[in-house]
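Participant: The residues making up each chain are set out below.
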Amino acid sequence: MSETNKAMIEQYRNSFLSEVEANVEEGEWVKMCMQCGVCSGSCPLGKHWAHPPQEIFMMIRAGKRDEVLTSDSMWMCTSCYNCVVRCPRQLPITHIMHGLATYAKKLGLAPKNQPTARFAEIFWNNMMKKGRVNELKLGLSLYFKDGFGAGIKESLRNKDLGMKMMKAKRMAASEFFGGHGVKDIGGVQKMIQKAQEIEDARMKKFD
Amino acid sequence: MTEVVATNQTILVVGGGISGMTAALEAAETGAQVVLVEKRPYLGGRVSQLYKYFPKLCHPTCGLEINQRRAKMNPNLTIVTGAEVSKLEGEAGNYTATVRLSPTYVNDNCTACGDCAKVVEAEFDDEYNYGMSKRKGAYLPHVMAHPMKYVLDPAIIGTDDAQKAKDACKYDAIDLDDEEKEIQFPVGAVVWATGWKPYDAAKIQPYGYDRFENVITNVEFERMADPKGPTGGKILRPSDGKEAKNVAFIQCAGSRDRNHLYHCSRICCMASLKQTHYVVDAYGDDADVSIYYIDIRAIDRFEDFYAEVQAMDNVKFIKSKVASVTLGENDNPCLNGVDTEGYHRYATEHDLVVLATGMEPSVSVDSFPVDVEINREGFIEPAEKNGGVFAAGCASDALDVNRAVQSATGAALKAIQVVNRVARAEG
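Protein sequences appear in the order of chains Y and R. In terms of this note's numbering, the first sequence opens at residue 1 and continues consecutively. In terms of this note's numbering, the second sequence opens at residue 1 and continues consecutively.
What the hints contain is simulated information worked out from the structure, not anything from laboratory work. Note that the structure is predicted; figures quoted are calculated from it, not measured. One or more hints might be untrue.
No farther apart than 30 Å at their CA atoms in a straight line, the calculated lysine-lysine pairs in the DSBU-like style are these [stated by the list, open to error]:
| id | chain 1 | residue 1 | chain 2 | residue 2 |
| --- | --- | --- | --- | --- |
| 1 | R | K87 | Y | K47 |
| 2 | R | K203 | Y | K31 |
| 3 | R | K319 | Y | K31 |
Residues on chain R that point at chain Y, a partial pick, calculated with CB under 8 Å [what the hints assert, rightly or not]:
| id | residue |
| --- | --- |
| 4 | P147 |
| 5 | D257 |
| 6 | R258 |
| 7 | N336 |
Every residue gets a Cβ at the ideal spot worked out from N, C-alpha and C, and that includes glycine.
Starting from the given sequences, assemble the full structure and let the hints guide the process.
Facilitator: This is how it looks when you write it as structure tokens:
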């Protein structure tokens, strides 16, 4: 291949696809997309996405790094797996969406007030405290995420549901004080920390 | 007709569709002895069920007639219908073929007068029209059937209909005591031309072929367009028999899909472009055709055909693999998806939806009577271990008629080389 050819190819080789392949879970599948669009059409929340999965894949290949990573699209995925079962090339689309969301969050590019992104964060922090999810506190943190007034309003709106859950023993008021957890929370936290270190060490640098 | 005279210089051709007929005739016309075994009661295979060929839009009956004439004239060719190869043992130049002959109940005295069909009453789904119409228990498979003989459905044997048919026959052509037989004969080489079958559209769950009456397959649509077909050549909705002017084609229905068929079936793009002509020919300016596609694969001279269809005012191309079909008003199938040119979401109703279903090999991987190399898609690969067995036409790959015939001619040559080698060795 001539030098001119190589230079021409270099123009079209964008680093964002390589970055996604290296750093995003299941990211190596992105290049397999043939742009048929069956994922976008199959997504039950598709019309609420700024960019459906098919478009996200094309944007990655077009090197639109900021647009992709700051997008709220992948945060809209509800893990219904409709796209995965229908994709003619069997791309793990759901997992790629979660991979992209995680990567955007890691880089601090995830949209700040996107509700599912906020919920994911609340869920994670909640779980990391005791090693188990405290449902009462999770619910409350979710209601109060937009401030005290909004929280009260939201709590009152859902009070019937809450009462029913308590009656059915799906939630306990005592959970508000401390709550149950795993035996060795310190060990769990250390384990997660170590896993994160390993993951961070594997991340490749792209500028 | 169960007498088969053969030697290890005989070529066995398995399958009497366009590929098998071609291979058999090409070989027989070089002077080789050929036995052609066909499962159906007649030759021609799926090509006989086509209304028109692409790209010339001429009628397959024309070519079939020529082939049938060649077959009748050639003393080197023995045709056995209603027969299946159940075993093939040996090696190149020295095989023993075991062939199972289904009872035909009709002998060569049959003049195709049709008296038997007039008196029988029970009706069955007509497989020639993919079940879109009914036929009697005594029937001529289609107007150009070769051999030109009536067929008795095994289901009527033992019923009053069978006796009625026998009594009505003036030529003593019906033998109700006919039984299944097995014959064995030597052959030197084998051309394997068992062809294809349409992929089972019901397996593509989101398209609702099994749930919506107005979702049909391309092979069914082909029968519909044929004046000799179930609707007399009219393009109608199965649900209410109304004219279907707004027709959608869904490409790659099953093909290029790891959940269904890995391969591109190669014919479906051209088939849908051809069938677009049927709709436009039938309804003129009132026709409204939409083709939903991933990409249109129309190679070399087919490109012109594609360009012509693209230029038609009442034909739309939507670059999108349809995500799902739902039921709209008046039994209209509604296609849902997102297009790739702009990511527009659509939910569009049509009178009739045609699934451009692909080809799968008609013999499943585990039921080959001989050990040959079979690829992931189920087609036969050329390989050393195949010995004197050569695949022709759609047994070797998804091919259109043109390429199937080329493939068959090539396979015939390979088979001739083997039997010539045997002939030389035996001096």
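Participant: Run every hint past the structure and note whether it holds.
Facilitator: Going down the list of hints, with the structure as the test:
1. R:K87 x Y:K47: 57 Å, violated
2. R:K203 x Y:K31: At roughly 28 Å apart (the allowed maximum being 30 Å), K31 (chain Y) and K203 (chain R) satisfy the hint.
3. R:K319 x Y:K31: 19 Å, holds
4. P147: 43 Å, violated
5. D257: With a closest approach of 4 Å, the D257 (chain R) hint holds.
6. R258: 5 Å, holds
7. N336: 6 Å, holds
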